[in-house]
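Respectively, the protein sequence lines represent chains R and H.
Mapping of the first sequence onto my numbering: position 46 corresponds to residue 46, and the numbering continues sequentially without gaps.
Adding 172 to a residue's 1-based position in the second sequence gives its number in my numbering.
FYI, nobody ran anything at the bench for these hints, they're computed from the structure.
Backbone N, C-alpha and C fix where the C-beta goes; we use that ideal spot for every residue, glycine too.
Worth double-checking, as some hints may not be accurate.
Listed below are the simulated SDA-like cross-link pairs for lysine to any residue, each with C-alpha atoms no more than 20 Å apart in a straight line [claimed, not checked]:
1. R/K4 x H/R627
2. H/K481 x H/E459
3. H/K575 x R/P57
4. H/K372 x H/L316
5. R/K3 x R/E33
6. H/K372 x H/L341
7. H/K372 x H/G323
8. H/K575 x H/P301
9. R/K4 x R/G67
10. H/K575 x R/V58
11. H/K375 x H/Q454
12. R/K118 x R/E140
13. R/K3 x R/G67
14. R/K91 x R/L171
15. H/K575 x H/P600
16. R/K91 x R/V113
17. R/K3 x H/K372
18. R/K4 x H/L316
19. R/K3 x H/T639
20. R/K4 x H/T639
21. H/K375 x H/R404
Derived Cβ-Cβ restraints for the label pairs, each shown as a range [to be verified]:
22. R/T15 x H/E568: 28 to 36 Å
23. H/E227 x R/R20: 39 to 47 Å
24. R/E23 x H/Q671: 32 to 40 Å
25. R/S12 x H/C245: 50 to 58 Å
26. R/L165 x H/I603: 39 to 47 Å
27. R/L92 x H/Q669: 54 to 62 Å
In case you want the letters, here they are:
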Amino acid sequence: MAKKFLVRTEDSASTWEFERDDEGVRVRREGQETWIRVELQRVGDSQLYLLMVENRPVEIYLERRRGGARATIGRHAFDFNVERWRPQSAKLAAQQVQTGLRRITAPMTGSIVEVRCKPGDRVAQGDVLLVIESMKMNNELRSPAAGVVEQVVVSGGQRVNAGDLLVALHLG
Amino acid sequence: MFAKVLVANRGEIALRIVRGLRDLEIRSVAVYSDVDRLSQHVRYADEAHYIGPAEARQSYLNVERIIDVAKKCGADAIHPGYGFLAENAEFAEACEAAGLVFIGPSPESIRLLGDKIAARRIAEQAGVPVLPGSGELTSIDEALAFAERIGYPVMIKAAAGGGGRGIRLIESPEALPAAAARAMQEAAAAFGNPAIYVEKNLKRVRHIEVQVIGDRYGNIVPLGERECSIQRRHQKIIEECPSVAVSPQLRRTLSRAAVRIARAAKYHNVGTVEFLLNEDGQHYFLEMNTRLQVEHPVTEIVTGTDLVKDQILVAAGEELPYEEADLLTRGWAIECRIVAEDPFNNFLPSVGRVVFAREPAGPGIRVESALYDGVEVTPYYDSLLAKVTAWGRNREGARQRMKRALAEFRVVGVATNIPYLQQILDLPDFISGDIDTGFLDRNQVLAEEHFEEQREVAEIAALLLVTSGDRDNGDQPLNGQSAPSNGYRAAIGAWRQQQAGLTSRGGGMGRWPRNF
Chain R
1 MAKKFLVRTE DSASTWEFER DDEGVRVRRE GQETWIRVEL QRVGDSQLYL LMVENRPVEI
61 YLERRRGGAR ATIGRHAFDF NVERWRPQSA KLAAQQVQTG LRRITAPMTG SIVEVRCKPG
121 DRVAQGDVLL VIESMKMNNE LRSPAAGVVE QVVVSGGQRV NAGDLLVALH LG
Chain H
173 MFAKVLVANR GEIALRIVRG LRDLEIRSVA VYSDVDRLSQ HVRYADEAHY IGPAEARQSY
233 LNVERIIDVA KKCGADAIHP GYGFLAENAE FAEACEAAGL VFIGPSPESI RLLGDKIAAR
293 RIAEQAGVPV LPGSGELTSI DEALAFAERI GYPVMIKAAA GGGGRGIRLI ESPEALPAAA
353 ARAMQEAAAA FGNPAIYVEK NLKRVRHIEV QVIGDRYGNI VPLGERECSI QRRHQKIIEE
413 CPSVAVSPQL RRTLSRAAVR IARAAKYHNV GTVEFLLNED GQHYFLEMNT RLQVEHPVTE
473 IVTGTDLVKD QILVAAGEEL PYEEADLLTR GWAIECRIVA EDPFNNFLPS VGRVVFAREP
533 AGPGIRVESA LYDGVEVTPY YDSLLAKVTA WGRNREGARQ RMKRALAEFR VVGVATNIPY
593 LQQILDLPDF ISGDIDTGFL DRNQVLAEEH FEEQREVAEI AALLLVTSGD RDNGDQPLNG
653 QSAPSNGYRA AIGAWRQQQA GLTSRGGGMG RWPRNF
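Please put together the full structure from these sequences, using the hints given.
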């Protein structure tokens, strides 16, 4: 009997079916035809894991997080929330993805050179929100999606650490 | 010979030098700033000393502190690596004044060749072609008049300094005044000298450089050329040895020219003479770098030399152990610089913690790296994380091995330029060797591949990790079922019992049975 799970990030939500059988585990994204045979194993005592996807080995770095996990693969890190699928939670997640607030955080440690947006501004995907100086270079921080600037919490000249909140963006 | 040498640098090059010193059985002394306490160059050295805060000015550029440490620990010499104090004549002088050998050329040679206009003069006197260029200019009117005479496009450069800094390409007279004013300001700030000079800009040129090494007795040996045309904003990212554009005859010409320039500057130790090569095979002297270059491994691999070791030997007063005629070259080498910059986000420098790093290996691969699990990439220093060099019997063989190596390289936690390097290696013009310094301007980063695929795999992994509960002990697949082990665990257990006393559960030494 397949169990259903909701795998969410700030900007996405997908439903996965999970089933155990004699050969191990298989999963299927909701709405798709075929099941995928998978197996996850940890490599030694590290946080490196080997995920077998239909006999194709994929290395992935996993860290447990409250309510989910951070998965790093290639150059991407995803913070996933994993929970049992329930009709209400799925609906809520879908709404959040469409209208939610997006936190724009500092991608690096550095100092703010210039702030190019203010609360209330409508921005398109790719618009420059602010400029950060790091490693003696000016770097433009662009909006990841279209929306309205809700809040700007930094000002020019301020030093920021990687991960600090810079701008809150209302999607849509 | 030296008994102890201080390495005044950090990162991969400091580690490279520590290794060279160990090969020579010389004790190595590392120095480190606040953020480099756990660095590999510290851990691999025989001795290590703290020299100050993360800011380079207060640590790796702190001449007084470094010389003080060298004297206190009884070092005989200082190796500056590249960058930081490597081309600083005052530092070389301060070493000498303190009774320490500076592993590099004399302060006079550094000063002479660091002055671009003086270096041009030396090249001209040595009969080496130089680009049409002005002398030292301090006014915009002079610059305009000179540019008019040689014709646009032109390059504006700071008369002092190097490393691609302050260089500006000017296409038309309208753009010159503003650019010249900014270049002068920058030059004054960076080098304390606002003088600039104007040089003719050639279209479609290759950047070719010749490695030389000299001893204190006037022997100077050229070690062939390197092709460094793959540059982004004047920073090299892929280098090769040899170059597809250099025939044996041209190699002789360039080598002779490089040796004449080095001789005129009374040069000893390792140095690199840079040339521009146009499509007609015409070459022009660009500048001479008075240090070990980042890209030295390609030359080492193809010529079978060890430049770090050799430069230490000649600095210690030994004669060069080879002449030009003794050198044999073999095959082809390509180097890629792995930097912490995100190619899919306008090359934004990426700082943070590298949670996991695994370097490539295997046939023909050499890696120079300062990476380790948990290393912090900070905004204080340059973004070079590692260099991968691939050797092959020919260029295509080296290229294929490089592709394999880049695919094996894992850096988790910061973005790197590896995906961009992989794209470049697959471009038809790169494969055929049809490259020049404008190559990367014409070949911008292609769209990122496999994003959706990676995301899906990440979702599955997170799902399995979370649904596995606490069974995450490394022995079992995280899907709640025991691994199909073919009974191997039981077999190992039985064998251990049988060997009771002869083996222990790890750590101890055991003997493998013949028919295991």
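task: Taking the numbered hints from earlier one at a time, note which ones the structure violates and give those numbers from smallest to largest.
output: 2, 8, 16, 17, 18, 22 and 23
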